[in-house]
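If you're matching them up, the sequences are chains S and P in order.
Residue numbering for the first sequence follows the numbering used here, beginning at 1 and increasing consecutively.
Residue numbering for the second sequence follows the numbering used here, beginning at 1 and increasing consecutively.
No lab work stands behind these hints, which were simulated from the structure alone.
Each residue gets a CB set at the ideal place from its N, CA and C atoms; glycine is no exception.
A portion of the hints provided could be inaccurate.
[Said to hold, decoys possible] Which bits of chain S does chain P cover? Going by a derived footprint, with three or more residues having C-beta under 8 angstroms, they are: (1) 68 to 81; (2) 412 to 423.
[Stated by the list, open to error] Mimicking EDC-like on lysine to aspartate or glutamate, the simulated pairs with C-alpha atoms at most 20 angstroms apart in a straight line are: (3) P:826 <-> S:455; (4) P:826 <-> S:343; (5) P:826 <-> S:42.
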Amino acid sequence: MQMHETHNTIAVPPDGARLRTPLIKGVKTYTQLSDDICRPVEGKANKWWWAAFTLSVIAMTWGFLCIAYEVGTGIGVWGLNKTVGWAWDITNFVWWIGIGHAGTLISAILLLFRQRWRMSINRSAEAMTIFAVVCAGLFPVFHMGRVWLAYWVLPLGNQFGSLWVNFNSPLLWDVFAISTYFSVSLVFWYMGLLPDLATIRDRAGLAGRKTMQYVYSWLSFGWKGSARDWSRFEEVSLVLAGLSTPLVLSVHTIVSMDFATSLVPGWHTTIFPPYFVAGAIFSGFAMVLTLMLVARKVLNLEDYITVEHVEAMNKIITLTGSIVGVAYLTEFFIAWYSGVEYEAYAFLNRATGPYWWAYWSMMTCNVITPQLFWFRKIRRSLVLTFIISIFVNIGMWFERFVIIVTSLHRDYLPSSWVMYSPTFVEVGMFIGTMGLFFTLFLLFCRVFPVIALAELKSVIKQIDERPENERPH
Amino acid sequence: MEKKYWKGLEELHSDAEFVKQKNNEFAEALPLEDVFSSKATNNSTTDRRDFLKFLGFGVAAATLASCEAPVKKTIPYLIKPEEITPGVANWYASTYADGSDYCSILVKTREGRPIKIEGNPNSTITKGGVNARVQASVLSLYDTARLRGPLAAGKAAKWDDVDQKIVAKLNAVNENKGNIRILTASITSPSTKKAISEFTAKYPSAKQITYDAVSYSGMIEANKNSFGKAVLPSYRFDNASVIVSFGADFLGGWISSVEYSNQYIQTRKLRGTTKMSRHIQFETALSLTGSNADKRVAIKPSEQALAILNLYNQIATLAGSATVSDKAVPCAKDIKAAAQELWAAKGKALVVSSSNDTNTQMMVNAINNLLGSYSSTIDLDNHCNIKQGNDAAMVELMEEMNKGEVAAVILYGVNPALTSPKVDDFKKGLAKVGLKISFADRADETASLCDFVCPDHNYLEAWNDAEPKKGNYSLAQPTISPLFSTRAAQESLLSWSGNKMDYMTYMQENWKGTIATTQSLTFDAFWTNSIQSGLYTAPNAPATATTAPTVDLAATASAIISNPAPKGDLEVVFYEKSGIGNGAQANNPWLQEFPDPISKVTWDNYLAVSPKYAGDNGLVAGTVVNLEANGQSVKLPVLLQPGQAYGTASVAIGYGRTHAGKAANGVGANVYPMISVVNKAFHMMAAAKITKTNDALHEFAATQTHHTMMGRAIVKETTLAEYIKNPAAGNAPELIQTNFGKRPSEEVTLWNEHENPKHRWGMAIDLNACIGCGGCVVGCQAENNVPVVGKDEVRRSREMHWIRIDRYYTSDMNEERGHEEHKGTKDVMHEMEVPSENPQVVFQPVMCQHCNHAPCETVCPVAATNHSSEGLNQMAYNRCIGTRYCANNCPYKVRRFNWFSYTDNNKFDFNMNDDLGKMVLNPDVVVRSRGVMEKCSMCVQRIQEGKLKAKKENRNIVDGEFKTACAQSCPTNAIVFGDYQNPDSEIAKLEKDQRAYHLLGELNVQPNIIYLTKVRNTMSNEA
């Protein structure tokens, strides 16, 4: 209530009168900022949260039951066959990994580029990254026929003789790329949380909530807020940002090599690394938008996540979406230009074969819809952005499905050409990872500040352009 | 008396205390009190730490004990049998003769269990060839549906009781002069025939009737009429330079197809010669033979006899003989062309027909006579005994039974309640027979109607002999003691005739008096030799001059014209599939899952119609129709079969079993009852009517669902004329565009070569010699413990076969034609997916290509698949974690994944789900577990065995001394296994052959499997 009064009493200069659009709306004091952002952590969850959480947990449980059934019975409970050895499993894996690209990109690359608008979104985007990678990681693990031996992909010393992993295999590169990405992202994210966790600890102390204070003092690793703490914090942030930046590019590059280094027509394509990275950022931003637009509404963070944020992200979506579109066209050109009949057929089959609907869904969602963001009205419309972000998520899922299934189902020898369709177990697993993702995200919203409080405090200072006497005290 | 030692003086004195303690296990007082009393707890020396130690140990020990894998005990030989060395296989020569197939075989036994059937290379008839059914027969030995002992009135009984009752009843019948009928399949065994004659001597009212489910009695009758010899001739396809076949599927099941396959291919291999036979096939259904023909003409079954008449007239005209009356047929032009080719090859020509009509076969005889075939390609002197059935006798038997004139019937090797046309008549008749005895190995459709079932041994448990061809003898010996309480059928007959001799002795006695007299060795030596080799060929009797047929051809011709074959809206033919055959072995899951060589469908029979006919009649693939013919009706799904003559359909017999066992029961529909009976002869065709049902579309379990090569150079082929001009015709090397122009793919590589210090194994597959029969598929399955996955899993494209035969049809569309017609690439590609109405067919066996630059090897994260120093792409199952990346990256798609556990899993209730069926497993090959990838190992266990043998004998490996299972089982030797590093090996020579190529050569994965181009002897004016 107090916040609204502040709104009314302080005159905000019109947009045009400022040098740049403020990164957050309204006039906030440090206290207000802390209040607003810590509220979801300190307060009680509302109906909507519980409804969403229940739904997510149900979906997650269903997914884990499907996994248990699959592990207990055999991969045969999926719809795969002798020709199509991967389908929903790896599609979902690449999709989730792609979604997990935005967080680190936002926090690391945009940090290095000093894009301060990222501060409102980087925390939740990073969280999303981590949860998406967790979901992604389930698929390559549980797609193994003998998942109980999954640790064999790690280069561990063993007593099996001279057995060692095969460093030629892109799947092994995946193991390293994803585990590195996951651990660096996790550290980066958690480190950024330290000052904010300390804030919650201190506020809990003031409010007399002993348990909460105790828990958060553990979680904040004894953050004191001293100059030394801050100096180390800044240094480590930069180092981790430096470390993460190449990872953003390398993870999806390596994921793309699962396909690019193979000889399956439609997979064996040198364009894959940049095309996959662009696609990953594309889908990652779309997912960030999808979640963010809901979260800002549900958590009352409209002032912190503004239309400006949305617009900035929509621009990136348009850019990466266009890169992806060009890549699609290039693939087709090369398929024809290469003169390789298998390659040419693979692409013809994508567009006109039995899975044409998947291909055209992908084209519509990924190439056509993001182009709508050329219109300022559309890219500043929250509703349309939300809808388009969903389209992009769907389109990017189909992209991976198209690449994997339509390439495999008709490769070299027509005698082995088959069709593939999923079973409820595969679909259930996918729904389960959705459930897992949202369960984690919803818990995150209730446990950690969804906006980087400490960082954000550094921008309100900068943008308060009011005369001294009008500023709140 | 035994000495007695005392434990002490106490015992000597029988001390009261001692006596009391003596029976107590714990003679000294146990300190239980100390441990459990509260006093003890307080003063216990077991302190808390010790207690925790004990507790920890106890928990750990209990956990460990519960983790232990279940122990399966193996019982070692107490006294080692002299001939069995664990781990070393014993081979026995034997014979497979079940009344429809004959093969001389070698049986591999391990630790006393037969586990594999291979062809006997010394056989003068089959020459080492075997077909899928014979290979699979080893699994039928371990069939759980086999009877454990005799049945009386459907209940388990004892042999003595059964014998007593049967003899009593037979005697009663004999006294009442009741008719006894012994209904048998064709019997090639001279000793069995003797046993039967002994039985008929004891019971004079007994008569033997020979009945074949697939009958050739028309031919036998025709030869009797034409030449006075009521036999089937021996054919010499290898002597023929022009072969014209009217519906005879002589490569796929007709009479002695293993023999014919080998003969046929002799003139088609093009090794060091450019001579090749010319083969023209007139047929209704697309058969294995038709798909190998150089020219194939689709005709209706009702046209066959007329086409033969026309051919006779054409040839008679060329020969200047008298013609007979005929009737126009649509294929007249092709008949005329065929006549000219036959006449040009006079003396080296052969005409065969599948017809069971005596008149038609007499016309065929007349044609062959005009062509001079009887001196070269047909041999009536050394006639073939494989089929001896007499349809008329069977028809008469059914009439007799229905009239109640048969008092007792004994069924041996037949199952007429399944296979008989007019099956209801048979069943009704059978019910009227007082005493019904069957020798069937299971309570099958007929045996379950019988009073007594006296199960015969499986042929692998029994002694027997065979004379498949006059003067060519073949012996069968037991390779395992009978698994169940069964008894040789011959012994049963003998014992009922009062002869208590065991069959082996009986057989020896029979040979002593007859066959042994044709040679000069002592009987013991002769017997040992014969048993050892499984064969004995008597000196040829002097050939009698073949007299020209003395029949009135004009009358025969007018009989054909006036008595036309059944005609109707839809003419349906019934045929035997290469796998299931006549259905006797239908409960063999290997055969059920064996893809039909043409349709590639498993676990089903179906109504095959041409795609055009289907389109015209509103049928699509899988439409379930009601087929009505000869008063019977069954529901069958429609299969679109290119090459099927328009207006005709074909359905396989041998399906629709109800009493065969768990694998066969309910699979497909039985169409035997629809077989037409014309003039007391069984014709495998009928005029039929189909009506669509409202059933949901049937989904076939097919291993191949895409049928054309899509313009890709997968099977490279050329014509004989081109080949003569340039042996490398059709085998253009794959070129890769580089900065330096187009280069052969081998030159464009980033890979290092593998070193092969000693051997580099490989196989060469001659696509001209491969007839596509699929015998190798079953051979591989038996050798490598390949699991059966069932109909549903095949529908999901998850069959596990390590070797498959790809079958491609030609399409009317190709890129050139599309270009001419200004069609877009998309339309051209879509039209290329559609096979021609009467396509040319190619077969290509594909197994792991054992690439030297293997795409699968690089992508496995755990190096479970890797390269051996001998060029093998090997699979370490124990290391596999099941990512399936290797399978995705295999351009040949030969890798097979264990989607489920296929052993001890009730969902896969086939031979690997019971201890009996598991006896067939090859102990040299591991049974793969769930979640691992598997594939062809190039029979590495055989390579290893061969290498060790050579090493022990301190010599080099001789080319061809061991072979992979597929190469071994190939009846046409299309697959050659060998070592490329051995310059004298056949494969090293074939590698340099100008026909040799690598499949998908442009990928430069450098396979160790090479293919030799297919060469067709087509005329320039034929497609």
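A quick look at each hint next to the structure:
Here the region 68 to 81 of chain S counts 7 residues with a CB under 8 angstroms from a CB of chain P, which clears the bar of 3, and the coverage holds. Here's how the region 412 to 423 of chain S fares: 8 of its residues keep a CB closer than 8 angstroms to some CB of chain P, so the rule of at least three is met and the hint holds. For the proposed pair residue 826 of chain P and residue 455 of chain S, the alpha carbon gap of about 57 angstroms is over 20 angstroms, so the pair is violated. Annotation: proposed proximity of residue 826 of chain P to residue 343 of chain S holds, straight-line Cα distance about 14 angstroms (limit 20 angstroms).
A C-alpha spacing of about 62 angstroms is found between residue 826 of chain P and residue 42 of chain S, which places the hinted pair above 20 angstroms, so the restraint is violated.
In this structure, the earlier hints numbered 3, 5 are contradicted, and the remaining ones agree with it.
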